[in-house]
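With the sequences and hints as input, model every part of the structure.
Residue numbering for the sequence shown is 7 to 130, as defined by this note's numbering.
Among the hints, erroneous ones may be present.
[Unchecked claim] Straight-line alpha carbon distances no greater than 16 Å define the calculated EDC-like cross-link-like pairs of lysine to aspartate or glutamate that follow:
#	residue 1	residue 2
1	Lys61	Glu35
2	Lys116	Glu47
3	Lys118	Glu35
4	Lys34	Glu124
5	Lys61	Glu117
6	Lys32	Glu117
[What the hints assert, rightly or not] Derived Cβ-Cβ restraints for the label pairs, each shown as a range:
#	residue 1	residue 2	range
7	Leu82	Val40	43 to 53 Å
8	Gln28	Arg115	36 to 46 Å
9	Pro53	Phe121	17 to 27 Å
10	Glu47	Asn95	35 to 45 Å
11	Met49	Phe105	18 to 28 Å
12	Leu42	Thr9	20 to 30 Å
If you are wondering where the hints come from, they were derived from the structure by calculation, not from laboratory data. Just so you know, even glycine gets a beta-carbon here, dropped at the ideal spot from N, CA and C.
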Amino acid sequence: MNTIIKISIAAFLLIALNTKAQHSTKFKEFNAGVYLDGLDEDMFVFPGVSFLWGKTTYFSNNLLLDYEYGFALPTLITGKIGLGIGNSNNTVVLGVRPFPSSVYLQYTRKEKHLFNREYGRNLG
Numbered sequence: 007m008n009t010i011i012k013i014s015i016a017a018f019l020l021i022a023l024n025t026k027a028q029h030s031t032k033f034k035e036f037n038a039g040v041y042l043d044g045l046d047e048d049m050f051v052f053p054g055v056s057f058l059w060g061k062t063t064y065f066s067n068n069l070l071l072d073y074e075y076g077f078a079l080p081t082l083i084t085g086k087i088g089l090g091i092g093n094s095n096n097t098v099v100l101g102v103r104p105f106p107s108s109v110y111l112q113y114t115r116k117e118k119h120l121f122n123r124e125y126g127r128n129l130g
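Structure below.
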């Protein structure tokens, strides 16, 4: 997981230094989901919710930087940062969530409808 975080940070810095933002969007969002630890009969299932503040910055070359931070249950705090492609109509983002640690793939349509799949240490 540390290698993924290092590569992501390097990519974010490289892109941020070499491109100029066209525009950005700030947002607030409420999320609800289910955490699954394992996929067998001993599976641990736990519901979770979060309220996040975020910002998506769109660059002139169809790249974007998306980050969010806020309050969550059961972890109390959470956040994530991702790099993606797209525009205000459709985006695909690959990123990391430092706590609880996971990587995610996210699709957003018209900055309103978000579909997200996260892979933690025990999920795969």
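Hint by hint, here is what the structure shows:
Pair hint Lys61 plus Glu35 holds up; C-alpha atoms about 11 Å apart against a cutoff of 16 Å. For the hint linking Lys116 to Glu47, the alpha-carbon distance of about 39 Å lies beyond 16 Å, and the restraint is violated. For a cut-off of 16 Å, the pair hint linking Lys118 to Glu35 stands: about 10 Å separates their Cα positions. Restraint check: the Cα-Cα separation between Lys34 and Glu124 comes to about 20 Å, which exceeds 16 Å; the hinted pair is violated.
A C-alpha spacing of about 11 Å is found between Lys61 and Glu117, which places the hinted pair at or below 16 Å, so the restraint holds. Only pairs whose Cα atoms come within 16 Å are accepted, and Lys32 paired with Glu117 is accepted, the gap being roughly 10 Å. Between Leu82 and Val40 the C-beta distance comes to about 18 Å, which lies outside the given range of 43 to 53 Å. Checked against the hint of 36 to 46 Å, the C-beta distance between Gln28 and Arg115 comes to roughly 19 Å, which is inconsistent with it.
The supplied range of 17 to 27 Å is met by Pro53 and Phe121, whose beta-carbon atoms lie about 18 Å from each other. Look at Glu47 against Asn95: about 43 Å separates their beta carbons, and that is inside 35 to 45 Å. Against the hinted window of 18 to 28 Å, the Cβ-Cβ separation of Met49 and Phe105 comes to about 22 Å, which satisfies the hint. Between Leu42 and Thr9 the beta carbon distance is about 25 Å. The supplied range of 20 to 30 Å therefore holds.
When the structure is compared with the earlier hints, violations turn up for hints 2, 4, 7 and 8 and for no others.
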